[in-house]
Amino acid sequence: MSFCLEIYLQQSDDYEILISKSGFKEAKSVIETHSPKVLYVKPGAKVLGARIIGIPPIPIGIDESKSRITLPYTKPCHGTSVVDLPVEKEEIDKVKAISVNPLKK
Amino acid sequence: MKKVLILLGCPESPSQTPLALYTSHKLTKMGYDVTVASTPSAAKLLEVSDTEEFYVQQKVDLEKCLEDLEEKDYDILVGFVHKDAAVSYFVTFYHILNARSFAIVFEKDADILEKFLSDLKENTDATLISARAYHNPTPLRVKIDRAFKELED
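Listed in order, the protein sequences are those of chains A and B. Letter by letter, the first sequence follows residues 1 to 105 in the numbering used here. Letter by letter, the second sequence follows residues 106 to 258 in the numbering used here.
Careful, some of the hints might be misleading.
[As the list claims (entries may be wrong)] Pair ranges (Cβ atoms, derived):
1) A:CYS4 with B:ASP216: 46 to 52 Å
2) B:GLU158 with A:GLY49: 28 to 34 Å
3) A:LYS75 with B:TYR239: 19 to 25 Å
[To be verified] Residues on chain B that point at chain A, a partial pick, calculated with CB under 8 Å:
4) GLU117
5) SER118
6) GLU255
Everything labelled a hint here was simulated from the structure, so no lab data went into it. Quick reminder that beta carbons are idealized off the backbone N, C-alpha and C, glycines included.
In isolation and in its complexed conformation, chain B is listed as follows (with noise of 0.2 Å):
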């Protein structure tokens, strides 16, 4: 079974948790073993949101996940990008691991969401699905499921 790893960033955004909860159903749902990586703040809201662990069943926290982390630990990064630190914290992920990756990227400010695109574009060849979003995790949504129809086979 190949492994998926999705790395979240700070959960100030509105849209992270309800995304998250969603792509890890997905991909489990797909065949793929999920693991999430957040920090402990994020990690509360995701166990609120799934109090029996039914959307994330694999949890680890972020720090010790960097610290411990290897190639080829994750066959797939999934990462959600919504902050400077989370580009920085997305570029090297993908540079350790090497892996298939994909970066959902959203801002609610156009020019700061371009900047996150053009920062990601230039230091890796991850697949990039973005939106201006903040509240509102529909557009997302949909590109995502767009985008992991090439993981489906």
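Excised from the complex, chain A in its bound form (with noise of 0.2 Å):
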């Protein structure tokens, strides 16, 4: 069964929220900042099951050494907040595999 964002963060308590209720400006800052590396994805990438809302280039985080991502998390009424996750490391690859640039950093 694949991954589910949704249903992660209603049922685990192992992921960090780096800022929330946030602009997306301020949360693509925060994971730019916070990340060893950067990648980036087009609006509407599929990333942990979930659509990944925002501006183009949207930055995902990868710690590859400590298996974690960190991604924009969107919602209307809320705005964006940044979550920082554990992922299986095949999780890391499809990210790499739809990013639309080399890594950043």
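Fit chain to chain and form the complex, with the hints in mind.
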């Protein structure tokens, strides 16, 4: 069964919210500052089973040594949050496969 | 029949629901097949305002719509943009659909409105319909009528 971000956030407590109820640009800056590597994806790209919402290019932070991903999470009434969570290595590989540019860092 | 997706944002702004009903009805009368995508709370406002579904016949949950959306599912995108998150949603739907698009952009604060418009100009080719508005839908209604004239043929 594939990973589903919505269900994960409802049922787990090992994720970290780095910023919440922010604008997209602030969230983007947090990801770019926080993560050792940053990949960029197109709006609507599916990461961890969810469509990524935002203004292109959308950063996805990668920490391969800790096997963690940092991504923006937007809701219409609550703005954009940044979520950092542990993932299987294959999920990092999936992000690499859909990224639109080489690693920034 | 060409298909239109009307994308609603957070229903916090009082202008959104009446303008959504107006826009849906206008486009339906023009011969378009209209679907409104919204949050559950925005959908409730539509349901109470339009109990007989006279103005909006087809509604879909925003998240479900986004999850299933594919390029060319709709011929025209009309989005209501009055929050930073709504800019992100509109740009995302725009890039997935790759369709003729109209953004109805409104905010009380002139600087915030300008920021929304700037982000939309930089990231889409959408026609921008904008006004400093919150309670009063009339300035936007007039501009919607003007912008949609090109869809009448």
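Hints and how they fare:
no. : hint                              : verdict
1   : A:CYS4 with B:ASP216: 46 to 52 Å  : 38 Å, violated
2   : B:GLU158 with A:GLY49: 28 to 34 Å : 33 Å, holds
3   : A:LYS75 with B:TYR239: 19 to 25 Å : 21 Å, holds
4   : GLU117                            : 7 Å, holds
5   : SER118                            : 11 Å, violated
6   : GLU255                            : 26 Å, violated
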